[in-house]
Amino acid sequence: MQHDLTLLTSLTVTAGRDKSGTEEAEDVVFRPGEISALLGPTGSGKSRFLSDIESMANGDTPTGRKLLLNGVEPDSDERFSLQGTLVAQLSQNMNFVLDMRVGDFIFTHAESRGVSDAREAALRVMEEANRLAGEPFHPENHLAQLSGGQSRALMIADTALLSWSPVILIDEIENAGVDKRRALELLVKSDKIIVIATHDPVLALSADRRLVFQNGGVKGSFQRTGREEELLGELLEMELKFSRVREALRSGVAPVLEPVHPG
Amino acid sequence: MRLITVAGPPSCGKTSLIIKTCTHLMAGGLSCAVVKFDCLQSQDDVAYTAANIPVSVVLSGGLCPDHYFATNLEEAFAWASGAQCCIIETAGLCNRCSPHIKGLMAVCVIDNLMGIEAPKKIGPMLQMADLIAVTKGDLVSQAEREVYRHRIRQMNRRAVIRQVNGLTGQGCRDLAAIMAEAPSVESVTDMKLRFSMPAAICSYCLSERRIGAKYQKGNVKKASFGKTVCNTI
Ligand SMILES: Nc1nc2c(ncn2[C@@H]2O[C@H](COP(=O)(O)OP(=O)(O)OP(=O)(O)O)[C@@H](O)[C@H]2O)c(=O)[nH]1
Ligand SMILES: [Mg+2]
Ligand SMILES: [Zn+2]
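From first to last, the protein sequence lines are chains P and S. If you read the first sequence in this note's numbering, its first letter stands for residue 1, the second for the next number, and so on. If you read the second sequence in this note's numbering, its first letter stands for residue 1, the second for the next number, and so on.
These aren't lab readings, by the way, just hints derived from the structure by calculation.
Simulated crosslink set (SDA-like; lysine to any residue; CA at most 25 Å straight-line):
{"hint": "1", "chain 1": "P", "residue 1": "K180", "chain 2": "P", "residue 2": "G149"}
{"hint": "2", "chain 1": "S", "residue 1": "K120", "chain 2": "P", "residue 2": "R113"}
{"hint": "3", "chain 1": "P", "residue 1": "K66", "chain 2": "S", "residue 2": "I161"}
{"hint": "4", "chain 1": "P", "residue 1": "K19", "chain 2": "S", "residue 2": "G169"}
{"hint": "5", "chain 1": "P", "residue 1": "K66", "chain 2": "S", "residue 2": "M26"}
{"hint": "6", "chain 1": "S", "residue 1": "K120", "chain 2": "P", "residue 2": "V97"}
{"hint": "7", "chain 1": "P", "residue 1": "K66", "chain 2": "S", "residue 2": "G28"}
{"hint": "8", "chain 1": "S", "residue 1": "K121", "chain 2": "P", "residue 2": "E111"}
{"hint": "9", "chain 1": "S", "residue 1": "K121", "chain 2": "P", "residue 2": "N95"}
{"hint": "10", "chain 1": "S", "residue 1": "K120", "chain 2": "P", "residue 2": "V115"}
{"hint": "11", "chain 1": "S", "residue 1": "K102", "chain 2": "S", "residue 2": "L193"}
{"hint": "12", "chain 1": "S", "residue 1": "K120", "chain 2": "P", "residue 2": "N95"}
{"hint": "13", "chain 1": "P", "residue 1": "K19", "chain 2": "P", "residue 2": "G43"}
{"hint": "14", "chain 1": "S", "residue 1": "K121", "chain 2": "P", "residue 2": "D104"}
{"hint": "15", "chain 1": "S", "residue 1": "K121", "chain 2": "P", "residue 2": "V97"}
{"hint": "16", "chain 1": "P", "residue 1": "K189", "chain 2": "P", "residue 2": "Q223"}
{"hint": "17", "chain 1": "P", "residue 1": "K66", "chain 2": "S", "residue 2": "A27"}
{"hint": "18", "chain 1": "P", "residue 1": "K66", "chain 2": "S", "residue 2": "H24"}
{"hint": "19", "chain 1": "P", "residue 1": "K66", "chain 2": "S", "residue 2": "V160"}
{"hint": "20", "chain 1": "P", "residue 1": "K19", "chain 2": "S", "residue 2": "N165"}
Listing some non-contacts, in silico: residues in chain S with all C-beta distances to chain P over 12 Å:
{"hint": "21", "residue": "G62"}
{"hint": "22", "residue": "L193"}
{"hint": "23", "residue": "K221"}
The beta carbon of each residue, even a glycine, is placed where N, CA and C say it ideally should be.
Model the full structure from these sequences, guided by the hints.
Below is the structure:
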């Protein structure tokens with residue numbers, strides 16, 4: 001039986017053990033359209049957690065966690081057909097290595113996914129990527145010629161619209177060249193489960209929930225509060241100001257000194 | 001003993017992946033040994049030894065390492081027979097030979113950087129594999145990984161395909177679980193290659209270096225180039 005992932009309503013990582021064998025407090029449930037941030041220093045257990053999801057842990061990893069789809073353990077056929085395709089990854093180290101035109105490549109990707117109108121799908125990806133990227137680019141550009149920001153924007157738009165995987169794992173989105181907020185909106189709209197491993201406070205606060213790691217296990221889970229949402233607004237404004245000043249300085253204009261936001 | 005062939009183009013990540021996978025196998029109580037077949041030189045023994053995996057590197061010199069593998073498999077088997085799991089690493093140089101054997105687990109390793117046509121070009125080493133491990137996904141976009149996987153699937157309908165990171169070992173636990181289930185055999189005598197290796201018994205196989213039809217003996221095949229090019233200027 002092929003598990004139909006368009007019907008995935010929840011993904012659960014059951015409570016396991018940390019490095020000293022202490023039981024985690026509770027299961028972690030992920031739902032489509034939700035963003036979760038994983039926080040904690042290097043070595044605190046974020047990677048083990050992510051690899052438990054990716055390998056569809058079955059009590060067979062050092063943490064003893066299990067992965068449930070829609071609340072039940074996948075049977076061996078499902079495990080077999082899903083393994084290796086559950087998680088799409090977006091990372092800062094990734095580049096386009098192919099020497100192909102952007103339009104042709106996105107079309108090829110859409111085609112490989114069996115999308116009914118691959119040309120239309122490719123156009124949508126281009127459109128969204130251009131909304132995310134600071135500087136516009138065209139289907140005739142070669143992948144290798146894109147700037148860092150344009151590449152990242154294209155990867156995000158493509159993953160949101162064309163990737164089959166129900167879970168998207170992001171390790172940071174850099175500040176330069178991509179509209180982070182729009183990027184997250186686009187990913188959320190795609191009805192995927194979004195997991196961000198980050199040290200960036202803006203990304204962390206953009207998440208609906210934060211999981212904090214320590215000694216190889218989940219130590220706490222925090223739902224974003226109303227006050228934190230306000231804080232996020234403030235930080236975003238600061239980032240905006242930062243990038244306006246950067247832009248002004250870059251184009252030789254004196255930066256405007258706006259009054260500080262009242263309140 | 002479980003005997004597993006791991007084949008793939010040079011530098012695609014075979015050794016990195018085998019070391020990480022063997023670490024899981026050994027932690028699970030299975031003893032491992034590795035034989036590396038290569039042509040001219042190999043540093044792989046240093047890496048395996050550092051990971052406490054018994055290793056024997058043998059060099060084929062002027063011969064194709066896959067032919068050399070077939071010629072020496074019984075001996076390699078005897079060398080490793082104290083282990084529960086023997087992995088054969090070969091760098092398939094010509095993309096035409098394939099070391100895979102009927103009745104044994106066959107693994108093909110390719111990396112994401114080889115270009116979108118690579119799965120087509122690689123031939124029986126990939127087409128006849130039971131398990132295809134794709135490395136270096138950390139360096140390319142999700143889109144490229146997905147298109148690449150699709151191309152691999154077109155060339156091999158039944159193999160298990162896995163993304164593996166040779167540097168971090170991501171995905172190797174899963175490979176280890178699959179390899180632990182590899183068939184065990186008492187002997188390799190009378191086993192059969194899945195695909196015949198190319199016949200290459202011509203004078204150049206025997207170290208001829210001079211160019212010219214008069215030096216060419218044995219299994220010689222002449223190509224057809226079409227109509228002779230005219231001087232059009
Ligand atoms: N970025 C990245 N590098 C990798 C990965 N896997 C292997 N490498 C690197 O690729 C290079 C070659 O890896 P090896 O494992 O020696 O490759 P091999 O296939 O055994 O090479 P030969 O035996 O010489 O044919 C090394 O520098 C590895 O560190 C991976 O998943 N990602
Ligand atoms: Mg090697
Ligand atoms: Zn050969």
